[in-house]
Amino acid sequence: MKTFNKVDILGVKVANVSFEDTIDYIVDAVKNKKKTSIFTPNINLLIAAHKDQQYKDVLNTSGLLVPDGKPLVWTSKWLKQPLTEKVSGSSLFFRLCEVSAQENMRVFLLGAAPGVGDIAKQKLEKKYPGLTISGTYSPPFGFENDPAELDKIVKLLKESRSDVLVVGLGAPKQERFISKYLKAYNIPVSLGLGSSIDYAAGVQKMAPEWIKKTGLGWLYRTLDQPARLGKRYLSEGPLYFMLVMKQIAGNKKGKEIRMN
5 MKTFNKVDIL GVKVANVSFE DTIDYIVDAV KNKKKTSIFT PNINLLIAAH
55 KDQQYKDVLN TSGLLVPDGK PLVWTSKWLK QPLTEKVSGS SLFFRLCEVS
105 AQENMRVFLL GAAPGVGDIA KQKLEKKYPG LTISGTYSPP FGFENDPAEL
155 DKIVKLLKES RSDVLVVGLG APKQERFISK YLKAYNIPVS LGLGSSIDYA
205 AGVQKMAPEW IKKTGLGWLY RTLDQPARLG KRYLSEGPLY FMLVMKQIAG
255 NKKGKEIRMN
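Residue numbering for the sequence shown is 5 to 264, as defined by the working numbering.
Note that these hints are calculated values from the structure, not bench results.
Computed from a prediction, not measured in an experiment: that's the story for all the values here.
Where a beta carbon is used, it is the ideal one built from N, C-alpha and C, also for glycine.
Calculated pairs, DSS-like style, for lysine-lysine (alpha carbon to alpha carbon, straight line, at most 30 Å): (1) K127 to K37; (2) K216 to K55; (3) K127 to K38; (4) K84 to K10; (5) K17 to K60.
If you anchor each label on the Cβ, the simulated ranges turn out as follows: (6) L243 to P118: 32 to 42 Å; (7) E89 to N190: 26 to 36 Å; (8) K250 to R165: 41 to 51 Å; (9) D122 to M246: 39 to 49 Å; (10) D122 to A152: 16 to 26 Å.
Work the whole structure out from these sequences, hints included.
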């Protein structure tokens, strides 16, 4: 499988990959039955990884980390290692469904509230003729601490004969689940894609493409869900900027020492 150069942002190795490169990577993994995981780090995930080394290890041992957010692209330019482009997780999900219909790849949806996955399945299969959503499941609250429930989920996934697993459990839960059980459920490609199942079902609003391109998708989501996201962005935005400035200063100091 193709490998990509990586940019270190706060200790997380983000791949310098384009949107279509990511799709090609998925199709190649399915065709060659190579088990891999794809995660979509944004500011929220990078801050979580900064605070939790184990979670950082989960991210860095995945198959591919794509930059889900303009701030990561801007940061890469400040670090003099520019990333090709932002790879939006939600946009990636819909493109993946389109390609899966063309390539006859079976997609399983794990996550979202009860019934939401079924609505997403109906809408996606109607939107992309030929697409097979091989199954949906909404794990109960606290499932990650219930061995019997975890065994049930792994068995369900394994028996689904899926090619792609889309997990919408939110970070860091979805990344931890995939990292721990990837080999057990035997599905070639697993992606942690947050609210994508909700977007597909229409229970959450997705930012318009023109807003995404400006890098203000976070503002759109905050205005749509102020109680859930307002505090997060107000606290994590400044912290992220401070940590990045510290990394840039450290890189410059290291370079000066090597030159001397």
